[in-house]
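> So the sequences go chain by chain: A and B.
The UniProt record's numbering numbers the first residue of the first sequence as 1 and each following residue consecutively.
The UniProt record's numbering numbers the first residue of the second sequence as 1 and each following residue consecutively.
The set of hints was computed from the structure by calculation and includes no laboratory data.
Hints may be right or wrong, so weigh each one.
Pairs involving identical chains hold if they fit within one copy or between any two copies, as the list cannot separate such chains.
[Said to hold, decoys possible] Distance condition first, Cα-Cα at most 20 Å in a straight line; then the derived SDA-like pairs of lysine to any residue:
1. Lys-41 <-> Glu-23
2. Lys-5 <-> Met-42
3. Lys-5 <-> Gly-48
4. Lys-20 <-> Trp-31
5. Lys-41 <-> Ile-71
6. Lys-5 <-> Glu-77
7. Lys-41 <-> Val-51
8. Lys-20 <-> Ala-56
9. Lys-5 <-> Asp-33
10. Lys-54 <-> Trp-31
11. Lys-59 <-> Asp-49
12. Lys-41 <-> His-7
13. Lys-11 <-> His-27
14. Lys-11 <-> Trp-31
15. Lys-54 <-> Pro-12
16. Lys-41 <-> Asp-16
17. Lys-3 <-> Gly-50
2 protein chains.
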Amino acid sequence: MAKVKVHVFLKPGVLDVQGKAVEGALHGLGWADVSNARVGKMIEFDIGDGVEDKAAEVKRMCETLLANTVIESYRIEVE
Amino acid sequence: MAKVKVHVFLKPGVLDVQGKAVEGALHGLGWADVSNARVGKMIEFDIGDGVEDKAAEVKRMCETLLANTVIESYRIEVE
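When you get a sec, could you build the whole thing from the sequences and use the hints?
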């Protein structure tokens with residue numbers, strides 16, 4: 001069994017509404033020294049040993065389901 | 001300027017609806033060997049050098065805004 005972590009973030013240039021909201025709220029709460037806030041998804045799951053090339057399979061999962069590759073980029077970690 | 005990463009996840013025992021949805025969809029697409037799927041938030045931002053104890057400040061940001069500490073736990077990375 002391997003642990004998989006997938007980081008999904010909006011591509012640069014795509015307006016990150018959640019990021020802007022977090023940044024604005026932090027400024028409002030007094031943390032003025034915060035900038036470039038971005039919010040992304042982190043998906044973790046276990047993948048069985050029956051899967052041979054785990055990284056390739058997870059890449060296919062990302063392309064198929066986990067990331068909207070038009071506006072999102074993803075990074076895969078297999079432990 | 002330091003780069004801050006905050007991983008926010010649901011605490012064990014709290015039903016992870018998104019995780020269940022991802023797991024079910026992956027099974028439906030033929031990846032039966034996937035289990036324990038969890039979906040969390042990853043918040044990244046830059047914090048200025050004016051902030052002395054960055055880790056302590058970010059912890060306060062998490063307790064105040066970034067995480068719902070009743071049902072979520074968080075992990076902080078300051079680079």
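> State for each hint whether it applies.
These are the hints, each one checked on the structure:
no.	hint	verdict
1	Lys-41 <-> Glu-23	both (17 Å within a copy, 15 Å between copies)
2	Lys-5 <-> Met-42	both (7 Å within a copy, 12 Å between copies)
3	Lys-5 <-> Gly-48	within (14 Å within a copy, 29 Å between copies)
4	Lys-20 <-> Trp-31	within (14 Å within a copy, 35 Å between copies)
5	Lys-41 <-> Ile-71	both (13 Å within a copy, 17 Å between copies)
6	Lys-5 <-> Glu-77	both (5 Å within a copy, 16 Å between copies)
7	Lys-41 <-> Val-51	neither (24 Å within a copy, 27 Å between copies)
8	Lys-20 <-> Ala-56	neither (33 Å within a copy, 22 Å between copies)
9	Lys-5 <-> Asp-33	between (30 Å within a copy, 15 Å between copies)
10	Lys-54 <-> Trp-31	between (41 Å within a copy, 11 Å between copies)
11	Lys-59 <-> Asp-49	within (17 Å within a copy, 37 Å between copies)
12	Lys-41 <-> His-7	both (6 Å within a copy, 9 Å between copies)
13	Lys-11 <-> His-27	neither (24 Å within a copy, 27 Å between copies)
14	Lys-11 <-> Trp-31	neither (26 Å within a copy, 27 Å between copies)
15	Lys-54 <-> Pro-12	neither (27 Å within a copy, 26 Å between copies)
16	Lys-41 <-> Asp-16	both (12 Å within a copy, 14 Å between copies)
17	Lys-3 <-> Gly-50	within (14 Å within a copy, 38 Å between copies)
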